[in-house]
Amino acid sequence: MQKEEMELSPLEAKVRDAVRALPELQADPDFRTGLAREFASGRILDRPPAVPKPAPRWHAAVRWGYIPAAAAILVVAFLIQNRGPDWTLIQASKHGTAVVAGQVVDLASAEARQAFRPRAEVALSGDATVTLLDPGVMALQIAPGTAARLPNTPGRWFGRTMRASLNEGELRVLTGPDFPGHRLVVRTAEGEAEVTGTAISVWRQGTTTCVCVLKGTAMIGTDEADMEPIPAGKRKVMFGEGKKPEISDIAPPHRDGLIPFVKRVEPYLEED
Amino acid sequence: MTLDKESLQARSGEGSPPSSSPKEGGGRTSLSRSTLEMVRERNPRALSMLFEFYFERIFGLAIRLLGDRDAAQDVTQDVFRKVYRAAYQLDPARDPGPWLMAITHNTCRDVWRSRAYKLSRKSSPIDDLAGSAVLREKGDTPEEAMARTERAQRVQEAILKLPEPYRSVVVMHDYRGLSHEEIATSIGVSYAAVRKRYSRALAKMGELLKDVL
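These protein sequence lines are chains A and B, in that order.
For the first sequence, counting from 1, position 252 maps to 252 in our numbering; every step adds exactly one.
For the second sequence, counting from 1, position 47 maps to 1047 in our numbering; every step adds exactly one.
The shape of chain B in the complex, shown without the other chains (with noise of 0.2 Å):
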């Protein structure tokens, strides 16, 4: 087998700086069709493939949605043994990402509603999401590198601080790129209610956030 350019180079993109544009993901550069022909078949290096071209997006989703490291890092686990045990499900024609994200949001949710989790969430604080490191961008000064990542801890506490419903629907949205449609199809609600929910999520992430924002 061999594995297409096209493939390598939609990996390109992974490790890209933040932007003000969502992340990859949903609709955009996806592996080539032949390579998810060998994914369905459980190619060890079409699977490779998919995993280095999903991972990053796979661990971003679980950790900005549960915002403990060890819980996002069972999550992916759990993802991937989904995705190999489903693999023939794969449909070659389309782009895997949201339906990858679809089994990543649903993992999520089964954390969130057993008894550990809320548990863990009653008696420990939230992980320094923002990275152990300081955000530090081309042109920073210390205070601002400073400044960015304090705003980046509290960005993510404020989602944090969502109901489930409105959270998902926030970082699949705008951390994530989803489309609506594709947030809608992928956690199984309609259109408007994801777009009622993404509403009201950002109305009140602005209130938790109108002093640093």
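Here chain A stands alone, though its shape is the one from the complex (with noise of 0.2 Å):
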């Protein structure tokens, strides 16, 4: 043997010792001769093997990378299909600009509908309305002189939530039939309005925030703590100084937009 010993414990010392010192085992005598004969004459090739190759290991393409190669070309195909659509861009007034994303986008323009991008800043400038479809989940209409930030369209399997926040003017929604399983939150700084099935409009301005209910029930609050049912025909209102919530009556500046707003959207959702 070289000289290689490694530095051991006199116990592994002992171990190396006893295997060392493990008697020669004899096979079977008949074995062996018969065996003898046969390589020495080439018949040992007549003989089948006698140990079968075992099948590929799962392990060893684990190692060469197949498997994880594949399951992350699953996950992939799986998160492309699970995305929900873009949004569809329904209507447009002819006049006024948008910043979507930091570009200044023409409403009269082809580009317009590719533009409205999920999680996108939206600013609406001058007498510029948008209303974006989901088809069958959820139509968005974004008044004049709004800035916000679009919610993601959701996914069919999973991440279900959308995201939305306001920081001025205001966000019509209703949601259609296929809305059921989804969630829509809207926030702004001094509060939040869950959306789980109706016709809402959240309005902000300064430091006000008023969620007006149309159809359905809304939770509203300034946190999750907070959060209440409100129903239709009734409004909330935040206050960002410290000053307590209040519910009233639907606003009438609020529901007169809410209800052509509806009017207008309702076939889109229902065809789908």
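Just so you know, these hints were derived from the structure itself, not from any lab.
Any given hint might turn out to be false.
What the hints assert, rightly or not - Taking lysine-lysine and the DSSO-like style, the derived pairs with C-alpha atoms no more than 27 Å apart in a straight line are:
(1) A/LYS215 to A/LYS244
(2) B/LYS1082 to A/LYS14
(3) A/LYS14 to B/LYS1161
(4) A/LYS234 to A/LYS215
What the hints assert, rightly or not - Just so you have them, the derived chain B footprint on chain A, three or more residues with Cβ under 8 Å:
(5) 13 to 25
(6) 28 to 35
(7) 39 to 52
Unchecked claim - With the C-beta cut set under 8 Å, the calculated list includes, among others, these residues of chain B facing chain A:
(8) ARG1040
(9) PRO1044
(10) SER1048
(11) ARG1085
(12) TYR1088
(13) LEU1090
(14) THR1107
(15) VAL1111
(16) MET1146
(17) ALA1147
(18) ARG1151
(19) ASP1174
(20) TYR1175
(21) ARG1195
(22) ALA1203
(23) LYS1210
Beta carbons are placed, not taken as given, at the ideal position from N, Cα and C, and that holds for glycine.
Put the two chains together into one complex; each comes in its own frame, and the hints tell you how they fit.
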């Protein structure tokens, strides 16, 4: 043996010596004699292999990365399949401009159709109004003078919560027949509204947020602990300076904005 | 063809009694170059010499690695079958020992991976590999011989309790006398990995055998 001894503990040295002291084991003499004859004569090739070749091992494939690669492809494919459709622009006023994700978009142009991507920051100026649709699920109207971040469109199987934020102006929401199972949360500095199947408007100016419910019920509050159901025909107003929120009847200007919006987009939601 | 004296002398180490050094193998005595050249040509007498010279080493490695006499015989048969088929690849300038040990180890690995072997390990006890006869050395009392036999049995059981990568390294190094470098080449892992496995194998066996060593 080559002199490459490792530093061993006394016990390990004893183990090593014990292995070295193991006696040679003798094979069955008949087996030995028969095999010697067959080997020398070449007849050994007539024998089929005694040890079958094992099937390829999965972990060898894993080692070479086939399974991780396949898994990654599946995950990517799944994520792509899970992704909901982008927002569809169904209506935009002919006048006014929009700044979407930092780019000025002419609402009368064809490029406006592609501009309103999920999670994009949007600011409308002048009297520009934009209505977006996720077919069957939800319609969203951005009122003139609004600065907001668009919600993501919901995933098919998971990631079904949509989140939007409103800095200023008004967002109007109408949910469609495919909305159940989804959630939309619209957040402002003063509070948030959780939509689970309804028609609402969320309006913000200065440090005041007003959420008006036209249909169904929405959960509205300054934070998660404060959320309470607000029924149709009511509104909740939240203030930014520590003032207590107020619940009252729906504000006529917001109701008057919601009614034509609902009337206009309902057919789009129903037809899908 | 004539077989040279060197080759015949090389056989004289066979069947030597247990000692505290590893059994012969690796880069020690070997068949002569001329014999190995004839093995390449599948000369029956040279093949016979190769068989006689290496049979015990191959069978011994297989049975220590597998703990099963029948499986070891199967492996030995397959090793010689493979050697016959690949005889033309043999390099007469080098000791074929490590090559044969590598084939033996790889064939044992095929056995380990076979479903039949896994099932048999679950259902049947380990063969009495200390030998059916009591291991008796000169001057031993019957009690000493019995203790020696029992100890060898425990050592073999401890070997078989090792995970296969550790088992291969400790048996090939200490029982068959291959260097860590030869083992690394044989089983296709790095030298550092062999040393690490060897160290862990000894530590694990130490735990298993501390009451008898």
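Verification of the hints:
no.: 1; hint: A/LYS215 to A/LYS244; verdict: 25 Å, holds
no.: 2; hint: B/LYS1082 to A/LYS14; verdict: 36 Å, violated
no.: 3; hint: A/LYS14 to B/LYS1161; verdict: 18 Å, holds
no.: 4; hint: A/LYS234 to A/LYS215; verdict: 10 Å, holds
no.: 5; hint: 13 to 25; verdict: holds (count 12)
no.: 6; hint: 28 to 35; verdict: holds (count 4)
no.: 7; hint: 39 to 52; verdict: holds (count 11)
no.: 8; hint: ARG1040; verdict: 14 Å, violated
no.: 9; hint: PRO1044; verdict: 4 Å, holds
no.: 10; hint: SER1048; verdict: 4 Å, holds
no.: 11; hint: ARG1085; verdict: 7 Å, holds
no.: 12; hint: TYR1088; verdict: 13 Å, violated
no.: 13; hint: LEU1090; verdict: 14 Å, violated
no.: 14; hint: THR1107; verdict: 6 Å, holds
no.: 15; hint: VAL1111; verdict: 5 Å, holds
no.: 16; hint: MET1146; verdict: 14 Å, violated
no.: 17; hint: ALA1147; verdict: 13 Å, violated
no.: 18; hint: ARG1151; verdict: 7 Å, holds
no.: 19; hint: ASP1174; verdict: 4 Å, holds
no.: 20; hint: TYR1175; verdict: 5 Å, holds
no.: 21; hint: ARG1195; verdict: 7 Å, holds
no.: 22; hint: ALA1203; verdict: 6 Å, holds
no.: 23; hint: LYS1210; verdict: 6 Å, holds
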